[in-house]
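Peer 1: As a plain string of letters, each chain reads:
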Amino acid sequence: EAQLVESGGGLVQPGGSLRLSCAASGFSFSSTFMSWVRQAPGKGLEGVANINQDGSEKYYVDSVKGRFSISRDNSKNSLDLQMDSLRAEDTAVYHCVKYNASTGWLDPWGQGTRVTVSS
Amino acid sequence: DIQMTQSPSSVSASVGDRVTITCRASQSISRWLTWYQQKPGKVPKVLISAASSLQSGVPSRFSGGGHGTDFILTISSLQPEDFATYYCQQAFSYPLTFGGGTKVEIK
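Residue numbers (the working numbering), protein chains in the order written: chain B, 1 to 119; chain Y, 1 to 107.
This is chain B alone, in the form it adopts within the complex (with noise of 0.2 Å):
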């Protein structure tokens, strides 16, 4: 069974950094896309990231374009977000999710790992 695991989180000030990480297991995780998507306190669902299977392409968000940067290590199945400049508009729990480019769906999901920022 496919499995994300996610760690990072905390408390940072803003224009501080964090990096997050992602564990895999159950999967193929070298032939599959994957995302990071993220979900302020009450609001809704914001894709941050996507990368391809080799790290070759990666996507982001317009409001974190320029602030983080998405990267694999596909000998560890490991996958990070490494987030720099950080905003207070960046507080939400940030969710590992394995993209199925097939289908078009997002599943499964990490339970997230949850990034507040604030002075």
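Keep in mind that the hints were calculated from the coordinates and are not lab data.
These numbers come from a predicted model, not from an experiment.
For glycine and all other residues, C-beta sits at the position ideal for the given N, C-alpha and C.
There may be inaccurate statements among the hints.
Unchecked claim - Output of the computed footprint for chain B on chain Y, the stretches with three or more beta carbons under 8 Å from beta carbons of chain B:
{"id": "1", "segment": "26-39"}
{"id": "2", "segment": "60-68"}
Claimed, not checked - In silico DSS-like cross-links for lysine-lysine, where the CA-CA straight-line distance does not exceed 25 Å:
{"id": "3", "chain 1": "B", "residue 1": "K43", "chain 2": "Y", "residue 2": "K45"}
{"id": "4", "chain 1": "B", "residue 1": "K43", "chain 2": "Y", "residue 2": "K103"}
{"id": "5", "chain 1": "B", "residue 1": "K65", "chain 2": "B", "residue 2": "K43"}
{"id": "6", "chain 1": "B", "residue 1": "K43", "chain 2": "Y", "residue 2": "K42"}
{"id": "7", "chain 1": "B", "residue 1": "K43", "chain 2": "Y", "residue 2": "K107"}
{"id": "8", "chain 1": "Y", "residue 1": "K45", "chain 2": "Y", "residue 2": "K107"}
{"id": "9", "chain 1": "Y", "residue 1": "K39", "chain 2": "B", "residue 2": "K43"}
Said to hold, decoys possible - Between beta-carbon pairs, the in silico distance windows are:
{"id": "10", "chain 1": "B", "residue 1": "K43", "chain 2": "Y", "residue 2": "G68", "range": "23 to 33 Å"}
{"id": "11", "chain 1": "Y", "residue 1": "Q79", "chain 2": "B", "residue 2": "S56", "range": "37 to 47 Å"}
{"id": "12", "chain 1": "Y", "residue 1": "Q27", "chain 2": "B", "residue 2": "A40", "range": "17 to 27 Å"}
{"id": "13", "chain 1": "Y", "residue 1": "V58", "chain 2": "B", "residue 2": "S119", "range": "38 to 48 Å"}
{"id": "14", "chain 1": "B", "residue 1": "G55", "chain 2": "Y", "residue 2": "K42", "range": "28 to 38 Å"}
{"id": "15", "chain 1": "Y", "residue 1": "T69", "chain 2": "B", "residue 2": "S31", "range": "29 to 39 Å"}
{"id": "16", "chain 1": "B", "residue 1": "S31", "chain 2": "Y", "residue 2": "P8", "range": "33 to 43 Å"}
{"id": "17", "chain 1": "B", "residue 1": "S7", "chain 2": "Y", "residue 2": "R18", "range": "19 to 29 Å"}
{"id": "18", "chain 1": "B", "residue 1": "Q3", "chain 2": "Y", "residue 2": "L54", "range": "42 to 52 Å"}
{"id": "19", "chain 1": "Y", "residue 1": "S77", "chain 2": "B", "residue 2": "A88", "range": "18 to 28 Å"}
Using the hints, position chain Y against chain B.
Peer 2: Below, chain Y without anything else, positioned relative to chain B:
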């Protein structure tokens, strides 16, 4: 980026009611649309993919339709376990984007 607009943002309904949620894309996405259900404290669950294909295990009271820019999710007879928030998501182009969500509440 493709913008996804859902309506209504919330709906109050009773058990047994028919509920319809719409999702509009800012450009044509063919049938690259997925519907999710999210309950409080839980991660989203896939209901429908490719605009109208019901996921295994999802009750047949859920149905989806549409093509291009306009899509619809219908719950034919609302059940107590269906009170949740529903999201649409496009997979036509990157980055993947979601609608703002529709909260289905008890009337």
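Peer 1: Against the 25 Å threshold, does the CA-CA distance of K65 of chain B and K43 of chain B hold or violate the hint?
Peer 2: 21 Å, holds
Peer 1: Are T69 of chain Y and S31 of chain B spaced within 29 to 39 Å by their CB atoms?
Peer 2: 32 Å, holds
Peer 1: Tell me if the straight-line CA distance from K39 of chain Y to K43 of chain B falls inside 25 Å.
Peer 2: With a Cα-Cα distance of about 13 Å, the restraint between K39 of chain Y and K43 of chain B holds, given a limit of 25 Å.
Peer 1: Is the Cα-Cα distance between K43 of chain B and K45 of chain Y 25 Å or less?
Peer 2: The given pair, whose Cα atoms are some 17 Å apart, holds under the 25 Å limit.
Peer 1: Is the hinted pair K43 of chain B and K103 of chain Y satisfied, with a Cα-Cα distance of at most 25 Å?
Peer 2: 11 Å, holds
Peer 1: G55 of chain B and K42 of chain Y, beta-carbon distance inside 28 to 38 Å?
Peer 2: At 30 Å between Cβs, range holds.
Peer 1: Just tell me: holds or violated, for the beta carbon distance of Q79 of chain Y and S56 of chain B against 37 to 47 Å?
Peer 2: About 45 Å separates the Cβ atoms of Q79 of chain Y and S56 of chain B, which means 37 to 47 Å holds.
Peer 1: Does 23 to 33 Å hold as the CB distance between K43 of chain B and G68 of chain Y, or does it fail?
Peer 2: At 28 Å between Cβs, range holds.
Peer 1: CB of S77 of chain Y to CB of A88 of chain B, is that within 18 to 28 Å?
Peer 2: The hint (18 to 28 Å, Cβ to Cβ) is violated, given that S77 of chain Y and A88 of chain B are roughly 43 Å apart.
Peer 1: With a cut-off of 8 Å between beta carbons, are at least three residues of the segment 26-39 of chain Y near chain B?
Peer 2: Answer holds; 5 residues pass the 8 Å Cβ test.
Peer 1: Counting residues of the segment 60-68 of chain Y that have a beta-carbon nearer than 8 Å to any beta-carbon of chain B, does the count reach 3?
Peer 2: Since 0 is below three, the answer is violated.
Peer 1: Falls inside 17 to 27 Å, the C-beta gap from Q27 of chain Y to A40 of chain B?
Peer 2: 26 Å, holds
Of the hints listed earlier, those the structure fails to meet are numbers 2, 17, 18 and 19, in rising order.
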